[in-house]
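Trainee: Sequence:
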Amino acid sequence: MSTEARHSSYAKYLPGVLWPAGANTGGFSIDSILLVAEKILTGIDDDVPVRHEGAGSPAHTHDDLAAVIDRLHLLFDPYRAPPRFLPWLASWLGMQLPASWEEPQQRRAIARTGPALGLRGLHEGVARCLDHYDVTTARPRITLDDGSRILFSTPTPGRLAPVHTLLSYGPFLRTRDEAAYPGLVDPGCIAVTPDGHLLLGDDGIAAGTTVAAGVWRVSRTGGYVDVEHAPPRPRPLGPPPVPGTPALDRPRALVVEQRADSWRAYVLDRQALYRLDSADLHTLTRLATRADLGLAVGSTAMVLDGPGRLMVVDQGQLVEIDAATIPAQVVRRTSPRTAEIVPGPLVGVGPHLVVADIRPQETSEEAGGLRPADLVLVDRSNPSVWTEHRLLEGLADGANPLVTPVALALDGPETLFVLDLGLRPVNGDSGDPSYKAVAEPAGVYRVQLRHPTGAGRIAATGIERVTTPGRLVQPNGMAVVDGTLYLSDPGQPVGPADNPLVRNMPGYVAVQVHFSRRRATGLPTRTRKTIAHEIASIVDLHKPATSVAAPPQVPTEREVEHSHD
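Residue numbers (the working numbering): 9 to 573.
Calculated from the structure, these hints are not laboratory results.
Check before you lean on any hint, since a few could be wrong.
Stated by the list, open to error - Using C-beta positions, here's what the derived DEER-type ranges look like:
1. T162 <-> R534: 11 to 21 Å
2. R241 <-> F93: 55 to 65 Å
3. Q323 <-> P165: 34 to 44 Å
4. S389 <-> A238: 54 to 64 Å
5. G230 <-> D300: 35 to 45 Å
6. E472 <-> P90: 11 to 21 Å
7. E132 <-> P90: 29 to 39 Å
8. P91 <-> S545: 18 to 28 Å
9. L168 <-> A75: 36 to 46 Å
10. Y189 <-> R398: 42 to 52 Å
To be verified - Cut-off 20 Å, straight-line C-alpha distance, at most; resulting in silico cross-link-like pairs (DMTMM-like, lysine to aspartate or glutamate):
11. K20 <-> E46
12. K537 <-> D85
13. K537 <-> D548
14. K537 <-> E110
15. K47 <-> D85
16. K537 <-> E401
Beta carbons are placed, not taken as given, at the ideal position from N, Cα and C, and that holds for glycine.
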């Protein structure tokens, strides 16, 4: 301090008898002690600034304590606190920030974890915590499977509609081979009856149990319609299952025909085509085998094309079947004009058809790298010569988000809903089943159609996502009733060593993690495994107390077969 030291302004708070008199010479006095306190607290100027110098850091001065106190509230703001304070903030929430997390990810995680703690043990709480990875450069596709088999959503203009569970419970096994309570296990297709009920084709469980594949009828409030015995037990349609001789083998296509005073359903499984009449729900009539009709096992898309007439997509061909007679007969086969088409799901638009074109996403670099899927309109204005054109090719670059359409549903003449799986495998063996060419959240998209008033053809004027991401795991079927979408989802594939009814366990939680090559190019396998371990830790911390959650499992290639066989 200077020789002529100033008096401390704090002295005015002392009793008058203690006020300093004369010059402050810097010696020991109450005034000099107050000057020290004032220097520390308010940073009064003098000729000896306090400077710090550390290894690797430049010399710096410290703000006065009052200025630090004025900024103290910023230390508790995860988006404004200095980076060095982030681990301290995280510790308040019981978090340890992984070293691999980037600073934006750390800040978002702290900001979101606080509110999520109030939802700990609930699906929403786990989902919010897993959203921490949305801001990473790799941004993996994370899906949380809670056992939901049927879900629903009501799209609303101007915002993404949430997806809710309609039915999440299925059979309960008394032993591995005996079901004490039956129900849906592994739905593979969905349709709607004229009276508004949902029909679902279900895989059941592999041979050796009493839970056979079948067709189930579910109300739009989430209850099984058909029950028997006392106390009531749900039962599938068709004849009672006979152990060892299943009536159906993985039903993959289901359509409903409305009749004068009843309805009729057609079911296509891996072996044959069947008919089910509402007048006799206990009888399942086999119309013809796939071999009789010349259909490959992999054909799964089917649409009603008139009374007793079916249209099936089979190995790049459209097969018209007369199902009004026994045995059913093939009327004709029509090959698409565009040989590049790899047909997916099918829907009728008036007299025409729309086929989802699931082309391989990977092409040569000269061809542009990755291409989206497309929708192909089959124009049948001329009954003898059908023509095709792509509905989405006129959209601007980057406006088509489709990856792998797995279901189509028409809601009025101008609205086409597309259920997209979001996954496409890498061509060739990547060595890591969780590493995909494309890995986006599954969801539903709305395609707006324009019908020509004169000469011209139907065209798509736009496409937009209508459901929130992250709720669907492995969706494979969709139906629309009164503006509400109903979705079937068998969930995460179960390994051969797992309990086939693991999704029925109370508090069931399973997580699937996929990395997209176009977002995570060059991401080391070790880094991907580290992220998977971090996700497992989050799930273990926030899972329901009654659950026993296993670490995220590497998905098998069954997911591709499950959606496209």
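Trainee: Hints broken by the structure, by number, lowest first?
Mentor: Violated: hints 1, 6, 12, 15 and 16.
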